[in-house]
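> Got chain A; can you put chain B on it based on the hints?
The listed protein sequences correspond, in order, to chains A and B. Residue 28 in UniProt numbering is what sits at position 28 of the first sequence, and the numbering runs on without skipping anything. Residue 260 in UniProt numbering is what sits at position 260 of the second sequence, and the numbering runs on without skipping anything.
There could be a bad hint or two in this list.
So these bits of chain B aren't anywhere near chain A, every CB distance computed over 12 Å [stated by the list, open to error]:
| # | residue |
| --- | --- |
| 1 | Asp100 |
| 2 | Leu118 |
| 3 | Tyr193 |
| 4 | Arg273 |
Cβ pair distances, simulated, as ranges [said to hold, decoys possible]:
| # | chain 1 | residue 1 | chain 2 | residue 2 | range |
| --- | --- | --- | --- | --- | --- |
| 5 | A | Glu246 | B | Arg145 | 48 to 54 Å |
| 6 | B | Glu282 | A | Lys97 | 50 to 56 Å |
| 7 | B | Lys264 | A | Gln98 | 38 to 44 Å |
| 8 | B | Lys267 | A | Lys74 | 26 to 32 Å |
| 9 | B | Lys264 | A | Lys59 | 55 to 61 Å |
| 10 | B | Ser2 | A | Lys114 | 41 to 47 Å |
| 11 | A | Arg160 | B | Gln70 | 30 to 36 Å |
| 12 | B | Gln70 | A | Ser158 | 55 to 61 Å |
| 13 | B | Pro258 | A | Arg147 | 15 to 21 Å |
| 14 | B | Glu66 | A | Asp189 | 56 to 62 Å |
| 15 | B | Gly214 | A | Lys155 | 33 to 39 Å |
| 16 | B | Asp55 | A | His116 | 21 to 27 Å |
| 17 | A | Gln98 | B | Pro258 | 33 to 39 Å |
| 18 | B | Pro258 | A | Lys155 | 56 to 62 Å |
Hints listed in this document are in silico derivations from the structure and should not be mistaken for laboratory results. All residues carry an ideal CB built from backbone N, CA and C; glycine is no exception.
So you can see what is in the structure, the chains are spelled out below.
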Amino acid sequence: MQTKVAVIGAGVSGCSSALALLEQYPNLDVTIFSDRPFEQTTSFGPAGLFRLDKLENRKRALASFKRFTEIHQKIGGSAGVQLVSGHILSDDLQLLKQQEACMADIVFNFGWLKEHELKQFANPSKYAIHFTSFTTEGRTYVPWLVRNLKEKGAKFESRRVTSLEELGREYNLVINCAGLNAGELVSDDQVVPIRGVLIEVDASWHKHFLYRDLVTISIPSTTSLFIGTVKEVGRSDLVITQEDREDIWNRVLNLMPTLKNAKVLSEWIGLRPHREQIRLDLETRQTADGKAFTVINNYGHGANGFTLSWGCALDVVELAGSQLKIASRL
Amino acid sequence: MSICIVGSGIIGLSTALAIQDKEPRAKVTLVAESFSPDVTSDVAAGYWRPYLLSDPRTDVLRRWGELTFQHIERLAYREPDTGALWQSGYEMRQDSVKEDFFWKDTVRNYRNISERELHNMGFSQFKSAIFYTTLALEGSIYLPRMLEQFKRNGGMLQHRRLENLDGIGGNYDAIGNCSGLGARHLINDTSVYPIRGQTIRVQAPHIKHFYVFGDDHYVLQNGTSIVLGGTHQDHDWDTSVRPADFDHIWNGNTKFLPALKTAKIIKQVTGLRPGRPTIRLEAESRAVCGKTKTVVH
Chain A
1 MQTKVAVIGA GVSGCSSALA LLEQYPNLDV TIFSDRPFEQ TTSFGPAGLF
51 RLDKLENRKR ALASFKRFTE IHQKIGGSAG VQLVSGHILS DDLQLLKQQE
101 ACMADIVFNF GWLKEHELKQ FANPSKYAIH FTSFTTEGRT YVPWLVRNLK
151 EKGAKFESRR VTSLEELGRE YNLVINCAGL NAGELVSDDQ VVPIRGVLIE
201 VDASWHKHFL YRDLVTISIP STTSLFIGTV KEVGRSDLVI TQEDREDIWN
251 RVLNLMPTLK NAKVLSEWIG LRPHREQIRL DLETRQTADG KAFTVINNYG
301 HGANGFTLSW GCALDVVELA GSQLKIASRL
Chain B
1 MSICIVGSGI IGLSTALAIQ DKEPRAKVTL VAESFSPDVT SDVAAGYWRP
51 YLLSDPRTDV LRRWGELTFQ HIERLAYREP DTGALWQSGY EMRQDSVKED
101 FFWKDTVRNY RNISERELHN MGFSQFKSAI FYTTLALEGS IYLPRMLEQF
151 KRNGGMLQHR RLENLDGIGG NYDAIGNCSG LGARHLINDT SVYPIRGQTI
201 RVQAPHIKHF YVFGDDHYVL QNGTSIVLGG THQDHDWDTS VRPADFDHIW
251 NGNTKFLPAL KTAKIIKQVT GLRPGRPTIR LEAESRAVCG KTKTVVH
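This is chain A alone, in the form it adopts within the complex:
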């Protein structure tokens, strides 16, 4: 009996998990479920700068960074992967030291700016770090994952999954990558949206990322520049307000005055699927008819979804390993 795998969610977590599984088990029967067009998901909008916030996720971050390095070297732009250098400015030394502890040995070229170098910015801060990292922009990288998945025979279905049991009847292994909705499926109320706003502008001369603290950001994409953002815990309205715009433009122009004439191309709201800790674990369940099936949870990545996507996907593969070897003829 061949194992049938269902992945709930076609965002970066779902697609990465499915692809990692298919790279390890090329004959696996995989179906990916999504309940809305990709453009309406949280994974569509991010500029995807690789950047880590928590020490506990270093291993997964490193695995993702290695993967992006490989994709960048072999393919580059058409996969939505770019090598980008830049700075984070802050008056909060602890904030920058935390960044250093999280990723100085993972990203390239990590360093602290010297005193005379701080003056190069229009409104300098007390401290600044520099590093070279990757961006994996949602709107290009995830479609690239999807193309790869289709080439490997993965199937895609448009359906809102309302219970794991409904899938458990047909599938042996269900990967829960439903992002903001993942908690509902497993009675976990810890997933909370954190609203973010990105404004896309035309400023192709801006080749670096530049941040002030972690909330005033500018990140170049393959064709434009993203500026933003906000981090509103618990807020989930999807319409940009005039207040959002004024707040973001004030902060961004203070950081980068030369953006003042930049033409706005689009505006986007994303809801980061936040959880105190990422949930990545395995549980066995039973359908009403007593059929056992396995669930692997991979959700709650908050603001680090893209950064941790491949590392988490590899962990999914490892957890799935024992199940797949028992139940299939692969």
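Chain B in isolation, oriented as in the chain A frame:
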């Protein structure tokens, strides 16, 4: 006080503006055979990095370079749409030669990259590299801006070719000779010679760094395009685009940076860099139309 500047490239225009800035009451006239977009400065990538300089006076070069860097830096962070931009990137070599560049404290974030990190990044053919952040000032954007500013400040223009310095007439108190390669015929300075460069301008917006590969290949950032190079052919006056040079530039750069393969080629251009064993920056007293004048070269 009336001053004549000969030459409208980056040197001539910068000189003219600097004079207007320092001496607002001076009447400045700029005489040139060509203006942007037809000067060498338009072809250049405007990359701040001392290059192909045989001038041994590193102290002086460092000072000129540092002041220029600061000037471009002010443009990059304060004024929009000047043609100034920041770029970070790598210079890598296939040998282990470590040069001690006199300009390494002028640029930002300068550091040596280990062979291991180079290989981690996927540049397996290279043994040593440096990383730094520098500026670019695109001539084709900046020159027209400077020209507008020059005119707003009351500057006058004359669009004509001079066969010698007397051609400017006898009415100026001082003259600035910023004629580049033109100095050969303007003042008979035969030590000025062309260093021919051919480049390919491409669009590859997913590439955000500059790269210099050894001595003969480079990928430099401009605002809406990337400049691929290069050649440095001494005493070569040929401004036609050569297929052999194209092959060298394209094949080499795409081999070192495969992500370039999807780049869209916009145009190919050549420029003649005005080389000289040393940069001539000095004043002399000289007869112009029979009268002794101060000429600053």
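> Please list, smallest to largest, the hint numbers that this structure does not respect.
2, 5, 9, 11, 15 and 18
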